[in-house]
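Chain order of the listed sequences is A and B.
Quick note on numbering: the first sequence equals residues 25 to 311 in my numbering.
Quick note on numbering: the second sequence equals residues 2 to 227 in my numbering.
Some hints here could point you the wrong way.
Stated by the list, open to error - Straight-line distance between alpha carbons at most 25 Å, and here's what the computed SDA-like set of lysine to any residue pairs gives:
#, chain 1, residue 1, chain 2, residue 2
1, A, Lys279, A, His262
2, A, Lys119, B, Ile134
3, B, Lys132, A, Thr289
4, B, Lys132, A, Ile154
5, A, Lys119, B, Pro50
6, B, Lys132, A, His262
7, A, Lys119, B, Leu215
8, A, Lys119, B, Arg133
9, B, Lys132, A, Glu92
10, A, Lys159, B, Pro50
11, B, Lys132, A, Arg158
As the list claims (entries may be wrong) - Pulled from the structure, derived: some chain A residues nowhere near chain B, Cβ distances all over 10 Å:
#, residue
12, Val56
13, Leu104
14, Glu120
15, Arg128
16, Leu139
17, Trp140
18, His142
19, Glu163
20, Pro185
21, Leu227
Said to hold, decoys possible - Going by beta-carbon spacing under 10 Å, a handful of chain A positions derived as facing chain B:
#, residue
22, Tyr107
23, Gln151
24, Val266
Quick caveat, the hints were computed from the structure, so don't treat them as lab data.
Glycine is no exception: its CB is placed at the ideal position from the N, C-alpha and C atoms.
One-letter residues, chain by chain:
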Amino acid sequence: MSEGMADAGRSLEAPPLIEVANVSKWFGAHQVLSAVSFAVRRSEVVCIIGPSGSGKSTLLRCINFLEEYQEGDVYVRGKLVGYANDALGRRIRDKERNVESLRRDIAMVFQQFNLWPHMTVLDNVAQPLILVHRKRPREARELARQVLGKVGLAAKIDEYPLRLSGGQQQRVGIARALAVEPAAILFDEPTSSLDPELIGEVLQVMKELAREGMTMVIVTHEMHFAAEVADRVIFLDHGVKVEEGPPKEVFFSPKSERTRRFLETWVERNSLFLERPAGGAQLNPAH
Amino acid sequence: MSADLSLMTTYGPQLIEGFRLTVLIWLSGSALAVALGFVLGLILSVGGPALTLPVRAYVEFFRGTPLLAQLFLAYYGGPSIGITLDAVTVGVCGLGLYGAAYFAEIFRAGFASIPEGQLEAARSFGLSRRKRIRYIILPQLLVLAVPASVNLLIILLKDTAILSIVTVPELTFQVTGMTLETFTFVAPFAALAALYWALTELVAFLGRRAELRLGVYLRPEVRAAG
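I would like the entire structure built from these sequences, with the hints used as guidance.
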């Protein structure tokens with residue numbers, strides 16, 4: 025929304041909007057992320073793929089500090105996420121206020137939608153604007169109405185979320201993220217809990233956002249979508265970044281044996297790439 | 002039949018007074034119980050150990066001992082530590098403090114039942130803890146708490162009968178007095194039971210109305226296609 029076509033001409037020299045550097049995380053003794061690094065520049069779409077339990081969602085959640093990481097750094101707009109240094113230079117938890125301020129800039133879309141059921145669709149989108157971005161209620165609701173129109177839900181604004189289909193609920197989730205005009209949106213398996221016939225409407229909205237230049241980091245199992253929309257694909261396995269590159273490379277000439285095996289099992293299940301010529305032109309991002 | 006009528010004219014004013022007092026004590030005691038229980042429930046949900054430990058002890062004591070014992074302690078034990086209260090005050094406070102322990106648990110459980118994902122979404126949008134509680138948890142908590150609260154209000158209504166033992170001149174006290182003076186037992190106590198039953202049915206009815214009305218967002222009755 026905030027970033028128009030003018031921003032789409034991205035430059036590799038620009039400082040990354042999001043930078044993840046050598047991030048490691050443990051749940052107890054179990055290491056879920058091992059020195060993972062990657063960067064996301066403005067208007068880029070980065071898809072994170074990998075088997076279940078590979079740490080994809082955890083990695084995504086470190087970016088807005090829904091998960092704490094124990095080693096390495098995450099920067100958003102050059103600012104360290106979640107930590108600060110005390111007088112002795114030791115790392116300490118940042119003030120909650122600073123973390124909250126960071127989160128105003130980075131919106132998130134969840135696998136289970138996580139809408140607030142006691143609020144109407146309109147208020148689900150408007151309340152973050154009112155409560156966090158200090159917009160006037162009237163102004164916030166007007167903005168919410170516009171964004172809901174954009175995701176095709178203008179007719180549903182007065183409904184309660186539990187009365188919508190999964191696909192509609194997730195589009196509300198996307199509208200909620202979009203309305204705060206974030207610098208980037210994090211998508212945590214946005215279609216994984218949808219019935220197959222409802223996945224398309226959500227992916228369609230996401231493609232539209234990508235076309236408009238929204239910066240997006242997407243954890244997904246939708247390889248077809250990743251191949252079509254992503255600027256870069258990251259393959260994560262057992263908390264390790266195994267491979268990163270343009271979708272064409274990762275999907276058709278993966279460097280690592282592990283990536284190849286993962287994709288083979290996926291192709292066997294979906295027989296998608298079998299029908300396509302290798303390196304097909306469609307794989308270039310639409311924008 | 003004529004005997005019954007004469008009983009009514011003799012005892013009518015007392016019974017009406019007893020009924021009035023029962024409703025009054027129940028309403029004031031419940032108001033105290035809800036208000037205090039709400040605060041205690043919040044403390045149990047979000048407080049640090051310095052606050053939760055005493056509150057936990059409070060809840061365990063008032064849930065773990067009979068209301069009658071608590072009333073005796075307050076009414077007969079109070080004066081020995083310099084607190085002399087009239088029976089009605091003991092009744093209202095006793096009922097309120099007792100009910101608060103249960104309301105605290107109702108609100109604590111409701112608080113904990115808000116799905117984590119909703120709170121995570123609120124966090125991800127930068128809502129402070131205070132705002133997450135105020136705008137995400139509390140509105141839903143008050144709805145979720147309705148069925149259990151109505152249940153407890155009914156129990157408290159019936160428990161006002163226990164106050165007769167510490168000489169609160171409420172309905173049961175009046176009826177007991179009447180039976181002792183007239184040596185008729187079955188009819189007065191049957192009428193007493195019927196009266197409590199009618200009152201509790203009214204509370205239950207209002208509770209169901211409130212539940213339907215407040216929980217309207219929880220019923221996916223109009224499921225839209227695709």
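Q | 10 Å cut-off, C-beta based - glutamate 120 (chain A) kept clear of every residue in chain B | A | violated (7 Å)
Q. Does proline 50 (chain B) lie within 25 Å of lysine 159 (chain A) when you go C-alpha to C-alpha?
A. Measuring from Cα to Cα gives roughly 37 Å; hence the hint is violated.
Q.
lysine 132 (chain B) and arginine 158 (chain A) were given as a pair; does the straight-line alpha-carbon distance stay at or below 25 Å?
A. holds (13 Å)
Q: Sort out whether arginine 133 (chain B) lies within 25 Å of lysine 119 (chain A), counting only the CA atoms.
A: holds (17 Å)
Q. Would the least Cβ to Cβ distance between leucine 139 (chain A) and chain B come out above 10 Å?
A. Violated: least Cβ distance 7 Å, not greater than 10 Å.
Q. Minimum Cβ distance from tyrosine 107 (chain A) to chain B below 10 Å?
A. Status violated, d = 17 Å.
Q. Is the Cβ of proline 185 (chain A) more than 10 Å away from each Cβ in chain B?
A. Nearest chain B Cβ is 8 Å from proline 185 (chain A), so the label is violated.
Q. Does glutamine 151 (chain A) meet its interface restraint, that is, does its C-beta lie within less than 10 Å of any C-beta in chain B?
A. holds (7 Å)
Q.
Verify this label for me: leucine 227 (chain A) is non-interface relative to chain B, using a Cβ-Cβ cutoff of 10 Å.
A. holds (15 Å)
Q. Within a Cα-Cα threshold of 25 Å, do lysine 132 (chain B) and histidine 262 (chain A) meet the stated pairing?
A. violated (37 Å)
(Q) Can you confirm whether the C-alpha distance between lysine 132 (chain B) and threonine 289 (chain A) stays at or below 25 Å? (A) violated (45 Å)
Q: Find the nearest Cβ of chain B to the Cβ of tryptophan 140 (chain A) and say whether that gap is larger than 10 Å.
A: violated (6 Å)
Consistency with the previously given hints fails for numbers 3, 6, 7, 10, 14, 15, 16, 17, 18, 20, 22 and 24, ordered from lowest to highest.
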